[in-house]
Amino acid sequence: MTGRFLEDLKNYDGRQLKLMEVCGSHTAAIARSGIREIISPKIRLISGPGCPVCVTASSYIDRLTELARDGKTIVTFGDMIRVPGSTGSLYEAKAGGADVRMIYSPFDLIRMAADDPGRDFIFAAVGFETTIPVYTLMLDEIREKGIKNVRLLTALKCMIPVIEKLLCDGSGTDGFLAPGHVSVITGEKPFFETGKKYGVPFAITGFETDKLITGIWGLLKMISRGETGVRNFYPSAVKREGNIKARQKIEEYFENGNAYWRGIGCIPDSGLYLKKEYSGYDAGSRDLVKDEKFDVMCCCDKILTGKMEPVQCPLFSKACTPLSPKGACMVSSEGSCYVHYSAR
Amino acid sequence: MCVALPGTVKEIIDERYVSVDFSGNTVKAASGLVDVHIGDRVLIHAGCIIQTVSEKEAMEIEEAFRELGEN
Amino acid sequence: MIITMAFGGGGKTTAGLINDIFFKHLGNDILCRAEDSAVVEGCSRIACTTDSFVVDPIEYDGGDIGRLSVCGTVNDLLCAGAEPKYLTCGFILHEGLELAALERVVSSMALTAKEAGVKIVAGDTKVTEGSGGLFINTSGVGFIPSGRDISAGNIKTGDSVIISGCLGEHHVAILKNRMNIKNDVKSDNAPLVDMVRSLFKNGVNIHAMRDITRGGLATVLAEMAASSGTRIELEEGRLPQNGSVRDFCSLLGLETIYMGNEGKMVFFVPPCDEDKALDIIRNDRYGKNAGVIGTVTCEDKEGSVIMRTAMGGMRRLEAMMGEGLPRIC
Chain Z
167 MTGRFLEDLK
177 NYDGRQLKLM
187 EVCGSHTAAI
197 ARSGIREIIS
207 PKIRLISGPG
217 CPVCVTASSY
227 IDRLTELARD
237 GKTIVTFGDM
247 IRVPGSTGSL
257 YEAKAGGADV
267 RMIYSPFDLI
277 RMAADDPGRD
287 FIFAAVGFET
297 TIPVYTLMLD
307 EIREKGIKNV
317 RLLTALKCMI
327 PVIEKLLCDG
337 SGTDGFLAPG
347 HVSVITGEKP
357 FFETGKKYGV
367 PFAITGFETD
377 KLITGIWGLL
387 KMISRGETGV
397 RNFYPSAVKR
407 EGNIKARQKI
417 EEYFENGNAY
427 WRGIGCIPDS
437 GLYLKKEYSG
447 YDAGSRDLVK
457 DEKFDVMCCC
467 DKILTGKMEP
477 VQCPLFSKAC
487 TPLSPKGACM
497 VSSEGSCYVH
507 YSAR
Chain H
43 MCVALPGTVK
53 EIIDERYVSV
63 DFSGNTVKAA
73 SGLVDVHIGD
83 RVLIHAGCII
93 QTVSEKEAME
103 IEEAFRELGE
113 N
Chain U
3 MIITMAFGGG
13 GKTTAGLIND
23 IFFKHLGNDI
33 LCRAEDSAVV
43 EGCSRIACTT
53 DSFVVDPIEY
63 DGGDIGRLSV
73 CGTVNDLLCA
83 GAEPKYLTCG
93 FILHEGLELA
103 ALERVVSSMA
113 LTAKEAGVKI
123 VAGDTKVTEG
133 SGGLFINTSG
143 VGFIPSGRDI
153 SAGNIKTGDS
163 VIISGCLGEH
173 HVAILKNRMN
183 IKNDVKSDNA
193 PLVDMVRSLF
203 KNGVNIHAMR
213 DITRGGLATV
223 LAEMAASSGT
233 RIELEEGRLP
243 QNGSVRDFCS
253 LLGLETIYMG
263 NEGKMVFFVP
273 PCDEDKALDI
283 IRNDRYGKNA
293 GVIGTVTCED
303 KEGSVIMRTA
313 MGGMRRLEAM
323 MGEGLPRIC
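Chains as they are written, first to last, in the working numbering: chain Z, 167 to 510; chain H, 43 to 113; chain U, 3 to 331.
Worth flagging that the hints you see were computed from the coordinates, not collected in a lab. Do not take every clue at face value.
To be verified - On the chain U side, residues computed to face chain H include the following (Cβ under 8 Å):
| # | residue |
| --- | --- |
| 1 | M3 |
| 2 | T6 |
| 3 | R180 |
| 4 | D186 |
| 5 | P242 |
| 6 | Q243 |
| 7 | S246 |
| 8 | F250 |
C-beta atoms are modelled at their ideal positions from N, C-alpha and C, and glycine is treated no differently.
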């Protein structure tokens, strides 16, 4: 069936459309599939603020490197390590002797901390709705085992507020590929409501090639039929109601607060922070409000919001490359600039 | 960020963890967000099961397509 | 027993270590002369190369740093069209290293050298402060038969691109412990001497070859395309795949085309030799899964590698940037 969908996407000859994916994993999957080059030029796929590393404010990175240089052990996912801060990246801190460790599963940290009680561990807990409930299970276990040497530096963000911010600011997007694994947790409802409120369609989409094609085709159909709201093209994993237990866990530990998005600024109530009663597990996440550019020419902000394409940035592939990134979009392999650079 | 892959639950380790197989890769995954049984297909993200994967997709998608294809 | 600084002192303890472990396993007529320099026979054109090995852990599924240190250097010599002949080795031992582990590594090195048909003719040992690890440097010399000319510069439009097996096995064998993922994937570390020798013996006109190590296939091909000024086109669907490696990579957000190997070769041969080459490679013990993965389609001054994806999309492959970090995000 996807063969027919792909033909439809190649042959599309209606009005010019701008479709935005707001998940970094979609950005990476689209680049890897090579789909952008074979579908009709009238369908433009643009990337939104869906890479947690890319939207993390500079003060967060600075705080992490400061803690690292202060002798704390920083535990993080891979991409975070190379993001530049005003005093360098974690990578550079590591080269200078700091203890920075990379893990796949946050649960590995529990064992690490239990085995080494004299060492202070700071976990760089970034992410959207998909990852936040994972941290709650980690906290459950840390509390139950009485582990005292782990704290979280959080930069946790919610997808809907930033999408609404884009819609308010007018990014000219005709429809969204809704993030498949965020939807696993949130369910269809938030996207339905936002879609109705702003009169745009959302297509919940998976990540394998056939699922991507299906989602894009579905979104195209929704647009042509003038539909708003949401349709689920990834029902094998996304239940209509989402994962209720996961959302309850989020509510147990976290509360909403203002969050600072790199290049976009403060979006009210778009972040999640550990509640007061758990503040002993926090490493100062609420104070991180500053965000500065390291190069005034950097256009990450416009790129993250779909107003500009990476190639239009004056630094792109000249002063700014994956080997010497000026902005976060060039760091993460899910960042739009990195992806565009790789596929030049 | 949200890299997640479907695998199969092989063993219940304890009340917190199960082992999940991905074509011969065994990962210890936290199971606190879903009720799982041996043999379930589950979606893993960052060492944690975030959902069970159902086989009803084909059916539901076809329904959606019939509707969308009609214009 | 463990290594202490005394083992590097140059006195009796050092001599004991050399006799009891190094000579015992690696000994041959040249090495055991124990002179300041080894003196060997030569030929008119020689290839020489050096490589250092710092892999952690030093023993992993399917191999160890000793085997690796022979394979890496031997395969580099093969890529120049040389018959590997002699190796030298420098050991940097860290205090605290278990003697038993060292002996396992050295004995594995000896077996691999024997398999590859090379002699280890000179060696050195130093001990540094540290935490029980071990580094090895090997340098190698190989003889190039007259008339043989293997170089990326010889790649021509129309050449077939053949790889000798599945991608990423060594990388997975190393990374799986660090990432706490269990599987049966073993390192592919292997000296490919027999495979390459039989290609030459059977008259396959190899234009260029390269072992696919750090940075993976994509990086190696990007470099070769650039230095030959050609455009290489691959078919994603034709890449030999190991299912466990594929899922391992997906779990961590990695891609097999950027994963390292230590016993895989990519060959460029004229299309008329494709069938013969593939047949020979598949008959080798390390080449069962070999396959033709693409062709050189045209000249391209800047050099480019394009992969036709499973869905028919075109994707440009760049050399790996930075370190291949696992990507959960």
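Right, here's what the structure says about each hint:
The interface hint given for M3(U) is violated, since its Cβ lies 35 Å from the closest Cβ of chain H, which is over the 8 Å cut-off. With its C-beta approaching chain H no nearer than about 38 Å, T6(U) sits outside the 8 Å limit, and its interface hint is violated. For R180(U), the interface hint is violated, since its Cβ never comes within 8 Å of a Cβ in chain H; the closest pair sits about 14 Å apart. For D186(U), the shortest C-beta to C-beta distance to chain H is roughly 6 Å, which falls under 8 Å, so the interface hint holds.
Annotation: interface hint on P242(U) violated; nearest CB of chain H at approximately 15 Å, more than 8 Å. For the restraint placing Q243(U) at the interface with chain H, the shortest Cβ-Cβ distance is roughly 10 Å, beyond the 8 Å limit, so the hint is violated. Annotation: S246(U) was flagged as interfacial toward chain H, and the flag holds, the nearest CB pair being 4 Å apart, inside 8 Å. For F250(U), the shortest C-beta to C-beta distance to chain H is roughly 5 Å, which falls under 8 Å, so the interface hint holds.
Checked against the numbered hints given earlier, the structure breaks hints 1, 2, 3, 5 and 6 and satisfies all the rest.
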